[in-house]
Every structure is written in C-alpha cells, then in structure tokens.
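Trainee: The chain contents come next:
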Amino acid sequence: MKKILSFVFALTTLFAMFGITSCDKDDEVTPGPLTLHFENRAGNSKLNFGQAYTNAAGESVTFSTFNYYVSNLKLKKADGTTYEVPNSYFLVKGDTPASQEITLQNVPGGDYVGVEFLLGVDSLKSASDISQRTGALDPAGDAQGMYWMWNSGYIFVKVEGTSPASTEAGNLFFYHIGGFGGYSSPTINNIKNISVASSMNEKASVSKDSHPEVHIYADVLEVFKTPNVLSVAEHSNVMFAPFSTSIANNYADMFSLDHIHND
Amino acid sequence: MKIKYIKLIALLFGLAFTTFITSCKPEDNQPDISLFLPANFPQPVYNTDTNPITPEGFALGKKLFFDPILSRDSSVSCGFCHIPTAAFSNAAHPVSHGIEDKLGIRNAPAVMNMVWHTTFFWDGGVHNLDFTGLNAIQNPVEMDEQLPNLMVKLKRQQTYRKMFTDAFGSDEINTQTLTKALSQFMAMLVSANSRYDKYVRNEAGGNLTPDELEGLQLFKEKKCNTCHATDLFSDFSFRNNGIKDSFDDDKGRFLVTLNPNDTGKFKVPSLRNLQYTYPYMHNGSIGTLEAVLQHYAGGVLPSQTLDSLLIQPDGTPGIPMTELEQTKIIAFLKTLTDPQFIKDPRFAE
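Protein chains in written order, with this note's numbering: chain C, 1 to 263; chain Z, 1 to 349.
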C-alpha cells in the first residue's frame with residue numbers, strides 16, 4: 001500500500017513537472033533584446049534638418065533641433081500584461097542617429113504588441129538628488145541643453161528652427177517644453193503618457209534567437225497641430241510659460257508605431 | 001626583574017600614549033571641517049550623509065569656489081560675487097556682475113547657513129544645494145560657461161585631477177563630484193557667532209545693550225519675526241514686500257510656479273550680517289538699514305500680491321514705527337553681525 005502511494009506520488013510529481021515544462025515554450029522563458037527605433041518625421045516624409053516644411057498654420061518651417069525624453073518604458077503583451085523596463089531614461093536627439101536606436105537587453109521572451117512610455121522625465125526623478133543624474137539625465141553631460149539650471153527641471157521636448165513667420169531675431173523659433181509639476185509649489189505638468197501599437201496587429205517576438213525592432217514615428221509637424229494650431233508668427237518662442245501646455249497637448253499624439261521587424 | 005618589568009610596562013604605556021596623541025592631532029594646515037550645528041538653529045535640511053564633508057572635498061570645493069576657470073573666459077569665480085568679507089555677498093553692488101561686465105537683475109545673496117535653506121536663489125527655482133553652482137556657472141550673465149566644457153578644462157589640470165582623486169577616490173571629474181565638492185565648501189559656511197547668538201546661547205561675549213534688547217523686543221512686537229523667523233532670520237517663504245508695484249521686469253517667484261499669486265514675490269532673506277551685505281532687497285535698491293526701516297514704516301508700495309502682514313487693518317500699507325523704534329530695531333539688527341565668520345581663515349580666498 002505504502003509502495004503504491006509513493007508510486008502515485010512520484011507519478012504525479014513527474015506529470016506536474018512535465019506539465020510545467022510543456023506549458024512554457026523555450027523562446028518565452030529566454031530573454032532577448034528588443035530595439036526601439038525612433039524615426040523623426042515631418043508629415044509623410046522623413047524629417048530632414050534644413051529642409052522647409054509647411055506647418056498647420058500654413059507657415060514655412062525649417063528645423064534644426066528635435067530632441068525629446070523617453071522614459072519609464074513599458075512593453076505590452078497581447079494578454080494585457082506589461083514588462084516595465086527598469087530605470088529607463090533616454091534622450092532622443094534629432095542630430096544623433098545613435099540616440100534614435102534604443103536597444104533594451106534582457107527583455108523577457110514573448111510577443112509584444114505595444115509600447116508605452118512617458119514623454120518627459122517623471123517628477124520623482126526630476127526632483128531626485130545629484131547622484132541619480134547620470135547618463136541621459138546628467139545636466140553637465142547628455143542632458144546639456146535639455147535642463148533648466150535656473151528652474152531645476154528637464155526640457156522634455158525641444159524644437160528649434162527658422163521660419164519667415166518668426167518674430168524673433170534671425171527668424172528663429174524656439175519651443176522648449178518642460179515642467180514636471182513642481183517641487184514645493186504645484187506648477188504645470190507637461191509629461192505625457194504615450195501608448196503606441198501596430199494598426200496591423202504586428203507583434204514583436206522576443207527570444208534568444210529573435211531580435212525584433214519596433215519602428216516608432218515621431219512627427220514634428222504634430223507639435224503644431226491638434227488640438228491647438230501653433231502659429232510661429234503668434235508664438236515664436238515658448239519656454240516655461242502657461243502656453244507651453246497647449247504645445248504639450250499637441251505633442252502628446254506625435255508618436256505612432258509604424259512597423260515591426262522580427263529578425 | 002621586577003623593576004625591569006615595570007620599566008617595560010612604562011615604556012609600552014609611553015609608546016601607546018605617544019601614538020594616541022599623534023593620531024588625534026590634526027595634520028598641519030588641515031582645517032577643522034566638522035559642520036557647525038548651532039544649538040539655537042533648527043535641524044538642517046541638507047543631508048550631509050549623501051555628501052560627507054572631508055578635508056579633501058572641502059579643500060577642492062574651496063578651490064573651485066574661488067577659481068575663475070568656472071567662467072567661460074576665466075574672468076569671474078563664484079567668489080567674485082560672493083565675497084568672504086561681505087559674508088559671501090557682493091557688497092556695494094545692487095545687482096550681480098557677470099563676465100564681460102554683464103549685469104544680472106538681482107542682488108547676489110549671501111552664501112551662508114546654506115544647509116538650512118529649503119530652496120535657493122531669490123525665486124527658489126533650485127531646491128537642492130548641489131544644483132546651485134550649476135545655475136551660476138551656466139547663467140549667460142553670470143559665468144556663462146557650458147558644463148561639458150568646464151569638465152574638459154578641469155580635467156586638463158593636474159592639480160584638479162589630483163584633488164578630485166584625493167576627495168573622491170577617482171580622477172573622473174563629473175557632475176556628481178563637481179557639485180558635491182562645491183556643496184562641501186558651501187555647507188561649511190555657517191554664521192552663528194554673532195553677539196546675538198552668544199546672547200541666546202548664554203555664552204561669553206553675549207551682552208546686549210538696553211537699546212539692542214528693546215530693538216529685539218520691537219522686532220517681535222512689529223511681527224518682523226513672522227517672515228524673518230527662527231534664529232536663521234528667515235522662514236524661506238516667498239513674499240512681496242512692496243519694493244515695487246509693477247513686476248514686468250522681474251516677476252520673481254511667478255517665473256518658477258507660473259502662479260499669478262506669486263508675481264513679485266521673492267524669497268525672504270536672512271537678516272544675519274546685514275552690515276556686510278548692503279545694498280538690500282532682491283534688486284539691491286535700498287542702500288542703508290535706515291532706508292530699509294523707512295521703507296517698511298512708510299514706503300511700502302501696494303499691489304495685488306503685497307504681503308498681508310504689510311497691510312494695516314485700515315488698509316494702509318506698511319508697519320507703523322516711530323523713528324526711535326526704527327533706530328532701536330537697527331541697533332538690534334547689528335547684533336546679528338558675525339565678524340568671526342567673515343574673518344574665518346578656513347573660508348578666506
């Protein structure tokens with residue numbers, strides 16, 4: 001009797017083990033890399049600095065800077081669960097192709113259908129002490145020109161260029177948009193939650209053998225439209241000001257997931 | 001045998017004692033870098049646990065503070081506008097002078113008792129001591145230097161490579177080590193040995209004259225101590241004290257919060273070392289203490305955001321004070337002068 005019991009127990013254990021193993025496909029347990037490629041666009045074409053485009057107000061605009069912070073990345077699986085990329089702070093710079101390719105290592109294996117992130121730097125990090133300001137967040141390093149020294153905080157989105165419509169010297173226009181909500185007194189918060197997914201239901205399959213690349217478009221002309229038409233003639237220079245929230249509401253929808261490579 | 005034994009013990013004791021003395025004696029030309037936390041001050045805000053003050057870090061911070069290399073054209077240092085003998089303010093200059101004789105719009109405040117401050121600069125735009133230097137270095141009308149370029153310049157100097165290594169264990173000069181060194185120096189700038197301090201701490205030399213004591217009493221009666229609170233003589237809040245009635249040239253705290261109620265408000269300054277830190281107010285527009293008291297007595301300009309403490313029940317702006325009362329308050333304010341602080345050789349350039 002005792003023997004039979006132990007046999008049943010052993011069998012059950014074996015089944016259970018087998019069951020667990022068979023339920024997890026190999027590629028799902030094996031982590032792998034995933035690359036997010038940010039491609040800067042101007043409407044239907046690739047954004048070229050120095051080339052003239054027409055904004056929603058019908059003004060000619062030529063760009064020289066298009067930088068933005070991507071932080072707190074989350075990868076979304078089909079079943080609705082998400083993988084939070086730890087300590088993810090990236091600065092995408094228009095003039096630095098390497099910054100436009102963000103490769104995440106050790107992403108848990110599986111099929112991902114969407115990407116979520118903050119456009120900007122979260123308030124906790126924005127108020128953190130100097131020891132946490134490394135890499136993309138180093139005011140004297142990568143964040144140079146993307147940090148307000150006089151009003152401690154990051155510039156989340158920086159768009160600069162020239163336009164005949166500008167009222168500034170040299171026809172320059174400047175949009176330096178930031179504001180994390182304030183440290184001791186509440187103020188504007190221009191951090192935006194971004195969520196993109198493939199309209200074709202494409203998936204990024206991460207495994208040790210597959211290194212998917214997710215192509216995300218960032219359309220600079222969206223900074224000038226929906227819900228508010230931004231006219232360079234009316235606002236040639238917007239930095240830390242109440243009107244910046246209108247521009248932030250525009251850039252909230254400048255991202256789209258264009259396509260995914262799985263190779 | 002017995003005597004030999006005793007001799008040996010005596011020798012050993014002697015040796016141990018000598019070693020003890022030697023190890024406790026601070027090395028020559030190494031200043032005392034223990035942070036002075038006066039008994040009459042509240043708890044400090046800056047956490048030195050994240051940046052422990054060391055002789056090497058302090059020495060490096062001091063060198064950086066007084067080195068014009070921090071400015072774009074190597075012309076001005078932090079100490080150029082924050083002069084030790086002026087309690088680290090810029091005496092006789094209404095507004096700060098930057099490189100190429102560029103003028104700022106505000107008076108260079110006294111760098112003292114920094115570890116108790118909750119925010120920095122007149123508008124409180126910076127909320128951590130470690131970030132204060134970065135602002136002055138990059139401000140186009142102050143030092144106008146780009147930080148990455150400053151790093152390159154510092155790394156080129158053997159002296160700095162050695163000093164950063166001594167202070168932080170690596171010759172890697174980066175934002176963390178640069179700011180922390182500067183903070184170590186600034187943190188040490190504690191002024192709390194005025195006659196008033198000695199009076200409240202019952203220390204030798206703490207004698208106040210009857211006029212000064214009456215001034216102290218009036219200071220409280222007139223509610224000056226509501227804003228100039230605690231023995232730091234500031235509550236570090238932002239207030240409009242009626243220096244101006246239009247703020248188009250400088251909106252003060254509004255620039256940081258974008259709250260219209262903050263228009264024309266500036267951080268309440270400490271009243272310590274007033275004799276060294278003239279001229280007064282955020283824009284350095286008042287030259288003497290007599291004129292400051294006259295301002296509060298009869299010169300306060302009304303505006304939307306004027307502090308309610310400066311409005312009398314009948315709506316008249318200002319704090320009613322007779323000339324005699326003003327004289328006595330000034331007598332008291334002068335007891336906040338701390339000559340020991342401005343003469344401290346540890347802080348001198």
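Treat the hints as calculated values from the structure; they're not laboratory data. Small disclaimer: the values here were computed from a predicted structure and weren't measured. Honestly, I wouldn't trust all of these hints.
According to the in silico footprint, chain C covers these stretches of chain Z (three or more CB under 8 Å from chain C) [to be verified]:
id : region
1  : 127–139
2  : 143–149
3  : 167–181
4  : 257–265
Over the 10 Å line for every Cβ pair with chain C, so calculated as not near, a few chain Z residues [claimed, not checked]:
id : residue
5  : 124
6  : 231
7  : 298
Quick list of in silico lysine to aspartate or glutamate cross-link-like pairs, EDC-like style, CA-CA up to 20 Å [what the hints assert, rightly or not]:
id : chain 1 : residue 1 : chain 2 : residue 2
8  : Z       : 223       : Z       : 307
9  : Z       : 155       : C       : 138
10 : Z       : 223       : Z       : 325
11 : Z       : 220       : Z       : 49
12 : Z       : 153       : Z       : 73
13 : Z       : 223       : Z       : 323
14 : Z       : 334       : Z       : 214
15 : Z       : 63        : Z       : 344
16 : C       : 192       : C       : 263
17 : Z       : 155       : C       : 116
18 : Z       : 153       : C       : 209
19 : Z       : 153       : C       : 116
Beta carbons are placed, not taken as given, at the ideal position from N, Cα and C, and that holds for glycine.
Trainee: Indicate, hint by hint, whether the structure satisfies it.
Mentor: Here's how the hints hold up against the structure:
no.	hint	in the structure
1	127–139	holds (count 9)
2	143–149	holds (count 3)
3	167–181	holds (count 6)
4	257–265	holds (count 4)
5	124	7 Å, violated
6	231	22 Å, holds
7	298	32 Å, holds
8	Z:223 <-> Z:307	13 Å, holds
9	Z:155 <-> C:138	17 Å, holds
10	Z:223 <-> Z:325	13 Å, holds
11	Z:220 <-> Z:49	36 Å, violated
12	Z:153 <-> Z:73	11 Å, holds
13	Z:223 <-> Z:323	17 Å, holds
14	Z:334 <-> Z:214	13 Å, holds
15	Z:63 <-> Z:344	16 Å, holds
16	C:192 <-> C:263	31 Å, violated
17	Z:155 <-> C:116	40 Å, violated
18	Z:153 <-> C:209	46 Å, violated
19	Z:153 <-> C:116	40 Å, violated
The structure fails hints 5, 11, 16, 17, 18, 19 (numbered hints given earlier, in ascending order).
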